[in-house]
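Counting from 1, position 170 in the sequence shown corresponds to residue 170 in the working numbering; the numbering is continuous, with no gaps.
Honestly, the hints are just simulated from the structure, not real lab data.
Model, not experiment: these values are computed from the prediction.
Some clues are possibly wrong.
What the hints assert, rightly or not - 25 Å max Cα-Cα, derived SDA-like pairs, lysine to any residue:
1) K435 x V349
2) K997 x K155
3) K1104 x I1119
4) K345 x L807
5) K867 x F877
6) K997 x R1014
7) K155 x K345
8) K942 x F877
9) K896 x F859
10) K328 x S438
11) K621 x I515
12) K997 x F859
13) K997 x G917
14) K867 x E731
15) K677 x Y688
16) K920 x L949
17) K481 x D619
18) K942 x W1019
19) K481 x A494
20) K621 x S438
21) K1073 x L183
22) K175 x T246
23) K646 x L807
24) K138 x V161
To be verified - Taking CB as the label site, the calculated pair distances span:
25) V736 x A216: 21 to 29 Å
26) A216 x W712: 30 to 38 Å
27) D689 x V661: 48 to 56 Å
28) A220 x Y655: 34 to 42 Å
29) Q406 x S814: 38 to 46 Å
All C-beta atoms in this analysis are idealised placements derived from N, C-alpha and C, irrespective of residue type, glycine included.
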Amino acid sequence: MKESMCSRWHLRLIVLLILFFPLTLSAAQGRVTVKGQSITLRQAIKIIESSSNFKFFFNPSDLDALPGKNLDCEGEISDVLKEVFAGSGISYVIMGDDIILKLEKKAASTQQKKVEIVGGVVDARSGESVVGATVRVKDVNSGVITDMDGKFTIKATPGDVLVISYIGYETKEVKVVNGKVLLVELVEDAKQLEEVVVTAYGSGQKKASMVGSVQAIRPAELQVPSASLSNSFAGRLAGVIAVQRTGQPGADGSDFYIRGISTMNGATNPLIILDGVEISSGDLDNLDPEIIDGFSILKDATATAMYGTRGANGVMIITTKSGRNIDKPIINFRVEGQITSPTSKPKFVDGATYMDLFNESLLNGGSTESPYSAEEIAGTRAGLNPYAYPNVNWYDELFKDQAFNQNFNVNIRGGGKRVDYFSSVTVNHETGMIKNRSKDFFSYNNNINVMRYSFQNNINAYLGKDSRLSLRLNVQLRKTKQPNISMNDLFAGAINTSPVEAPIYFPDDGVTTHIKWGVNDRLKPGQQQNPVAQLASGYQDNFRSTVVTALEFEQKLNFITEGLRFKALASFKNWSSTTNSASAGWNKYHLQDFSVDDNGVYSFVTRLQNESGGEVSTDLKPGVANSGDRRFYFQAIMDYNRTFGKHDVNAMFIYNQDELVTQLFSGDLIAALPKRKQGVAARLSYAYDGKYLAEVNMGYNGSENFAKGHRWGFFPSIAVGYNISEEAFFEPLKNVFSNMKIRASWGLVGNDNIGGARFVYMPTINLTGTGYTTGLDGDITYKGPVYSRYGNPEVTWEVGKKVNVGLDLQLFNSLNLTMDYFHETRTDIFQERGTIPQYLGTAGTKVFGNLAAMKNQGFDFAADFNKKIGKDWFISFKGTFTYAHNEITKYDESPKYAFQSKVGQSANIPSIMISDGLFKDPDDVKNSNQQIGGNLSAGDIKYVNISKLYGYDDDIVDISDWVWAKNPTVPEIVYGFGPSIRWKNLDFSFFFQGVAKVSLVMSDFHPFGDNSLRNVLTWIADDRWSPDNQNINATYPRLTRDTSVNNTQRSDYWLRNAAFIKLKNAEIGYTYKNMRFYVSGMNLATFSPFKHWDPEQGGGNGLKYPTQRVFNFGFQMTINNNR
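Produce the entire structure from the sequences given, and follow the hints as far as they go.
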């Protein structure tokens, strides 16, 4: 109590002294320091008190309404206090160790009323609205964010200064004038702009000082009307080869490769990193562009070397959005509805035409038989009765022309000084193009139905000014319902089933308790099929979940040395899949006879045609299957970034370890063992005066896949760059060449993912083997266990030597060009030996080694143009071009002829026979030495004697007379281009994408045949060789009842140019306040020399789930109450 009274008298005495001495007094007692962002006066007082003997006395209410400010002051107490209290209206007196504060009356009485300021923020060069820019009153912590139109509303006092900032732009200050509408133009800040490119391990490198080949893309460019993210890659990412092979919901993602294919062991996919965690291409496809903050492609050795063995095929790095320090959260909402339809549809002949062609095929073979009588053909053509004269277009019975999909996303972003957050929820609903035939017979819907739920939750907790703890959680849930029959089998059934041999089902006879499905009695029971019955008799329900959790801690170590930072990341990824199925048998019937009474009523006699001879159960039988995998990953990073005058230095050291457990539900012990990797990586980069650049990287990685002595690999890289435009002599050219930089890099990369094989240094033995065969003629057999695989303790890494030369160029401050030439030599490629003679007894035993090599080279190019025209117009243009050609330089093989060696050929290139039209007449056949399948006739394909052309003494033309085709089945050229135009609130864009130097081989479409009586496509019927059309260049050779071995050989007769250019995307939108309405489309038009189906789907017969044409209707809204 006495202490309290003494303190009060002490305070009163000080206040009286203040009244008598209104001027500020100062007395230096030691040095104090106050540093920090948005520090309030109370925080500043606490800092001074904790680091000195000074004690403050003040009325708390005098400080409550005062904002925080950024402080960085050090020195005598008087100097520090002057800066701390500047502009606050607070005066102070220093009396020994006591400092007394008071609010000046003038300051208290002259506070002005705040007014509402309305403004907009645009890019000074392009005129584009800057969305998400921060606008705040200077020295005040809170602020607002510009909306979708770049507009903002904020309350401020006349005379205040607004601070407008955004990543990649110079921060601008504007003084508030009462009632004035502000238009703020932000100028690109070269220094900031360079730091937005995300590179290895999530580090941000300055683009101006980057010497690696890296391309970043804006997330908005990935917004296309597709549920799979990879379908936006083709033509938009320079250096990426991407093709979409199917449009099946839930499985329609593109196959993609960074700079083509450099190995032939199957491990060709790039490494994909999400927030520091490795994910699969399927996980990538499920990502919503709304959650993406940065997307980068690392292409050369310098960019990927730090990932060591994992980065041999390039790296994709995706970072997700974080929260922001704002007053109120920002909510974004998007909803879309889509109408989809196939880009192509096969056309079949009608039933009567099929019968005519079938009869023709027998006549072509010399038969006088006509299985289909004129009466049958006439009855089918007239459609007298669907059971007696069936005429079924199985494709139309199975598939519909349209489907409807929906997509919904809502995300919220916000936070404060201590914690910020970003949270997103996406719901996507896709349906297939399968007709719901099951409901006609059973109680379930058998169309494909895919529901996807995606959640992204990111939290950053700032534990202090130098510490951050982040939690990032990505959850993907997918529920798929589909038929038990695979899509490939279902589409194959549409062509492999005769249209006239049986109806879909026969009418109920009142006796049979099950459906009498119609089948073809011309075929053996095991060959008979009815695709509608197969579709209806069962379903699958699949549920799969993917959970990716990453916990990251970051600590700045400036107290040790400025620019030093430590980061650690621990992550866990779990994928699981459960499939519940139900399947039932279906009873097969064929029409034995029918009659028609005087009233025209048909009666039918049917016969059961099951393989078992009796009826099969039609009860649904359940089944279940499970699979899954788990990944644990840890990395620790020490990073140093410092500028010393004109010297920029960056150094990074990383330790990482990874464990992947696959086949969680497999009975295979080896397959279930964890796959473990461990490694360290380092980077050192240096830049002098922003002109001369150098970087050294290395990865040192270990893999358990190899024997001791081969488990560790060292993979270095080195790169240099020269910013010519930073030289003084370049200054006169800068009005044209705004920026010019040349780059060059060399490095080694490794790959331990050798065809999926594990522990190849150890042999595997089949104890239940029946023996092995040896002898010069392969005629001696020994019984007993056999080797399934011989061990090879010398097997080691694939190694790629990569070289890259690049040029970055900017013209007139508006046209950005990036050009790169690349070359890679991949050696020690894992391969099974093909030169072991059979007398060694290794038949059926695999012998592996690092035997093959190949090279891959090409160039990629990207152009980006932006221009504001007048007051209301803005136009931009984007274009990319990628060329990647690979060639096998070494391969263990024993070809019959030297010209058939794989060496010198591209991977994924088909082998073909060379045709010379069709045989003209019997004499033409007689004079030929062609021996393929026998029974050759006029109208069959005539082949060139390739071996003789190459100088071999061989007069026989047989199936060994083949060569390699000119172009592979994976395109070597991919390109894309298109403009974006905006006029006031209306915007319009379109994008073309194409491929070249690619081929496809048609197969499995030939009519009739031995086992299926396949249907006939109209293009075959329209231009086939026949006695009435003896054109030796007809599109199709003569028809045959049985499969013609000669005419179905893989040859240039069925080889097609698969190049195309597509109107890939188009969009028109209108923005009103915080809302945008838009209509967009995908795969809108295709232009190609190949007309039978979408050439992007590749070879075969076109009978698989087609790519989809999409019409999308969308609405987007942003709720931003920071105004």
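Structure-based check of all given hints:
no., hint, in the structure
1, K435 x V349, "holds (21 Å)"
2, K997 x K155, "violated (60 Å)"
3, K1104 x I1119, "violated (44 Å)"
4, K345 x L807, "violated (45 Å)"
5, K867 x F877, "holds (9 Å)"
6, K997 x R1014, "violated (32 Å)"
7, K155 x K345, "violated (60 Å)"
8, K942 x F877, "violated (50 Å)"
9, K896 x F859, "violated (35 Å)"
10, K328 x S438, "violated (51 Å)"
11, K621 x I515, "holds (17 Å)"
12, K997 x F859, "holds (15 Å)"
13, K997 x G917, "holds (24 Å)"
14, K867 x E731, "holds (23 Å)"
15, K677 x Y688, "violated (37 Å)"
16, K920 x L949, "holds (22 Å)"
17, K481 x D619, "holds (19 Å)"
18, K942 x W1019, "holds (21 Å)"
19, K481 x A494, "holds (21 Å)"
20, K621 x S438, "holds (16 Å)"
21, K1073 x L183, "holds (16 Å)"
22, K175 x T246, "violated (57 Å)"
23, K646 x L807, "holds (23 Å)"
24, K138 x V161, "holds (5 Å)"
25, V736 x A216: 21 to 29 Å, "holds (25 Å)"
26, A216 x W712: 30 to 38 Å, "holds (33 Å)"
27, D689 x V661: 48 to 56 Å, "holds (50 Å)"
28, A220 x Y655: 34 to 42 Å, "holds (36 Å)"
29, Q406 x S814: 38 to 46 Å, "holds (39 Å)"
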